[in-house]
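Colleague: Generate the whole structure from the sequences, applying the supplied hints.
First to last, the sequence lines map onto chains A and B. Sequential numbering of the first sequence, starting at 432, is according to my numbering. Sequential numbering of the second sequence, starting at 432, is according to my numbering.
Where hints are given, some of them may not hold.
The list cannot tell twin chains apart, which means a pair is met if one copy fits it or any two copies do.
[To be verified] Capping the alpha-carbon separation at 25 Å, the derived lysine to aspartate or glutamate pairs in DMTMM-like fashion look like this:
| id | residue 1 | residue 2 |
| --- | --- | --- |
| 1 | Lys686 | Glu572 |
| 2 | Lys610 | Asp446 |
| 3 | Lys749 | Asp545 |
| 4 | Lys610 | Asp545 |
| 5 | Lys643 | Glu611 |
| 6 | Lys463 | Glu731 |
| 7 | Lys765 | Asp817 |
| 8 | Lys565 | Glu576 |
| 9 | Lys643 | Asp606 |
| 10 | Lys499 | Glu807 |
| 11 | Lys604 | Asp862 |
| 12 | Lys690 | Asp508 |
| 13 | Lys433 | Glu667 |
To be clear, the hints were calculated from the coordinates, so they are not data collected in a lab. Remember, predicted model here, so these are calculated numbers, not experimental data.
2 protein chains.
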Amino acid sequence: MKNRVLISDLNKHIDQEVIIAGWMHRIRILGKIAFVILRDRTGIIQCVLSNKELINQVKDLQVESVLKIRGIVRASDKQESGIELDVNEIHIISPVYDMIPVEINKDEIDAHIDTIIDYRPITLRHQKLRAIFKIQAGIVEGYREYMRSQGFTEIIFPILAGASSEGGAELFKLDYFGKEATLPQSAQLYKQIMMGVYEGVYGLSYSFRAEKSATTRHLTEFNQFEFELGFIENIEDLMYHCENVVRHIIMKIQKEFVKELEILNTTLPIVPEDKPFPRITLRQALEIYKEYTGIDETMEPDLSPGAEKWLSTEWGPKEHHSNFVFVTHYPLSKRPFYTYPHPDNPELSESFDLIGNGSEIVTGGQRVNRYQHQIERLKEKGLNPDDFEGYLMMHKYGIPTEGGFGMGLQRLTQNLLGLKNIREATLFPRDLNRLTP
Amino acid sequence: MKNRVLISDLNKHIDQEVIIAGWMHRIRILGKIAFVILRDRTGIIQCVLSNKELINQVKDLQVESVLKIRGIVRASDKQESGIELDVNEIHIISPVYDMIPVEINKDEIDAHIDTIIDYRPITLRHQKLRAIFKIQAGIVEGYREYMRSQGFTEIIFPILAGASSEGGAELFKLDYFGKEATLPQSAQLYKQIMMGVYEGVYGLSYSFRAEKSATTRHLTEFNQFEFELGFIENIEDLMYHCENVVRHIIMKIQKEFVKELEILNTTLPIVPEDKPFPRITLRQALEIYKEYTGIDETMEPDLSPGAEKWLSTEWGPKEHHSNFVFVTHYPLSKRPFYTYPHPDNPELSESFDLIGNGSEIVTGGQRVNRYQHQIERLKEKGLNPDDFEGYLMMHKYGIPTEGGFGMGLQRLTQNLLGLKNIREATLFPRDLNRLTP
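Modeller: This is how it looks when you write it as structure tokens:
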């Protein structure tokens, strides 16, 4: 729009005539004077309408109408921004005549989360929601920045896949010209193939789970930061990049999203700046949990949600000044067929989770890389290697010692910003009951 | 891997002992001496094995076996790189015993494209394929770099959607807990919603088309660079960003992917550096095509593939020093219901395509932004506004004058690199007959 000035730049134009454009955030009419708060992507400003013609133009409009306004910027002690606009002319770009179903010009949206999601085209305009997804875009970019800095190669993963030999009730299936296609539960196959091409690869994948769970933790569609690296010695090489990328993301958000963090009234979790995140084995984690809290889960093959929360929000900060804790060496039986067994204890696996500020945000591990070894592992898992011919092709024709991890984008956003429900960290959430908007 | 030196760094270690690791690209055994060409992500090097034990270790291995080699870097006039490795020790990381089904250590892969795709886990390791998808990652990053530099916000688009009111045979449908879900043909709805939140938005979307066409131009799954911008005056504001982003991508590839372009033995299309790309209306384009070639398609509502090719590879370079030509103002009847009509001629639309080095790579236009206007347009198209309640929510509650465009990632890669078949520009192509690998 020609000559449009953004609201954040108006303080450079005091006593000058400017054109601004945006949404009518609020309106107040007091007889012969009216105040319109106009909002654009950079901020809000009070516009003063002091004649009848101007007031008549807007008096029947509802908030969220889109306006172009010409006026003179005036210094004003009464305004927090120090300025207001003395209006000369109003052009209505898009009028709104209906009353808005959810108010978005207060500090909080006073509605149930389902209503907030139902009206996403409007509620996303609320300053808190805008801040969340602006930060999410920063998280995505921060992830890529780190990976690029290491010389790794970005991959655009495919979505449609053939019928899966893993099967499982959690797969979404569709008709593909008379054949069966499936939606991916992970990009595992593709990141391993591409590791065999570029050695270090990353990308943002889509994962689908046809889970019949409607909890605050479940989505049927979510995104994962994928990473896979060849020529590793052991999982330490993976945890190194994992902690560095998380640290980079947090530093970036801290530095570049000051305004958004202020709007959300939140502080980011603690990361150790100069030293590695704490690393403990699953056994150690369960022992520590028992010792400190008296809760005995030492016979469990995994961490409970309670234990994850305690480790990353109580023990980690207190003992290691860190809301992030690596837990390693999960039982081999609880990990997928491609997980590398512990060299000294075949019951355990060369695997790790990163528990970050409340719950698991990363799952990773070393993969089986030799062809014969992978065939043995499949058989031990009760799977038929013939069903995995496509998967095994890369092993058959040579891949190095390697491993990787996946980090959930929405889960990470939720935990970094301390949001209660994962759907608050999801732009357009899909779950058991929801496919729109 | 501890102490591993990348092959591209070996020239800094002449006469020193180093450890390298990679794939056995070629092997040649001449009695008491053997030569192994080792490949890592940075290059290849000749390794000289001059004793029986070493030769015995590798003599039964097939190419693509993964090796770790310790040896001394020696200057060598015979090698193009100026160095070779005098081997002291070999460790076999992953042996390959089967003969590889497609040779990947020659200048070209001598196989049909279907075979090349069938064996993607291996054929992607060929230097030409590695170069194509390395450049593709650069194209993606170049797109984002430009968009970030303009202060626009990145969006991660959802995939699963509810039943579509547009319908059409080209939709993939799936069972979603007893309801019908669909895969998106475009991210149109979501980029418009998000424009209403952040004004300028971009992202890489997935598009699915259940087309029963198996041509060199069709894929059932592809990616699009999406862009949407609010508060525009007209389509000029969109074409401005479109030509700038294409120019930025080409400059970036030219500068940062010299080695890859050399491997592909290709030169990039011509872009005017200091002036806008040529802009002509569809009418003008068809008249010019007729005038220069004698082919009369002036009664057609669109450009034929032949006309697109001629305009962007003959007329554009000759008359405007550009392989990129904007064609504007397509008939309103040939554009979707959200397209803005030409203000002076209701038969035409405020739309454009960018024809780039052979075919259309971008489709864009201004959108209808007023609620009442969009309802009228739906009715004129014979559609029922009640079916579009979700889509119309954003219009109902105010969106500015706006527009955007979509640019196909695979199509752009194909046209920039002059590839014959779009599947050559697609990492894991999906079409009528293919869902794997």
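Colleague: Look at each hint and say if it fits the structure.
Modeller: Now for the hints, and whether the structure bears them out:
When the C-alpha separation of Lys686 and Glu572 is checked against a cutoff of 25 Å, the pair qualifies both within a copy, at 14 Å, and between copies, at 22 Å. Neither within a single protomer nor between protomers do Lys610 and Asp446 lie at most 25 Å apart by alpha-carbon distance, with minima of 69 Å and 59 Å respectively. For the homomeric pair Lys749 and Asp545, neither the shortest alpha-carbon distance inside one copy (37 Å) nor that between copies (58 Å) is at most 25 Å. For the homomeric pair Lys610 and Asp545, the shortest alpha-carbon distance between copies (19 Å) is at most 25 Å, but the shortest distance inside one copy (36 Å) is not.
Both within a single protomer and between protomers do Lys643 and Glu611 lie at most 25 Å apart by alpha-carbon distance, with minima of 21 Å and 16 Å respectively. For the homomeric pair Lys463 and Glu731, neither the shortest alpha-carbon distance inside one copy (72 Å) nor that between copies (58 Å) is at most 25 Å. When the C-alpha separation of Lys765 and Asp817 is checked against a cutoff of 25 Å, the pair qualifies only within one copy, where the shortest distance is 23 Å, while the shortest distance between copies is 50 Å. In this assembly of identical chains, Lys565 and Glu576 lie within 25 Å of each other by CA distance both inside one copy and across copies; the values are 16 Å within and 16 Å between.
In this assembly of identical chains, Lys643 and Asp606 lie within 25 Å of each other by CA distance both inside one copy and across copies; the values are 21 Å within and 13 Å between. In this assembly of identical chains, the alpha carbons of Lys499 and Glu807 lie at most 25 Å apart only when taken from different copies (24 Å versus 69 Å within one copy). When the C-alpha separation of Lys604 and Asp862 is checked against a cutoff of 25 Å, the pair qualifies both within a copy, at 16 Å, and between copies, at 17 Å. Taking the closest pair of Cα atoms, Lys690 and Asp508 come within 25 Å of each other only inside a single copy of the chain (22 Å); across copies the shortest separation is 60 Å, beyond that limit.
In this assembly of identical chains, Lys433 and Glu667 lie within 25 Å of each other by CA distance solely across copies; the values are 11 Å between and 55 Å within a copy.
Going through the hint list in order, the structure does not satisfy hints 2, 3, 6.
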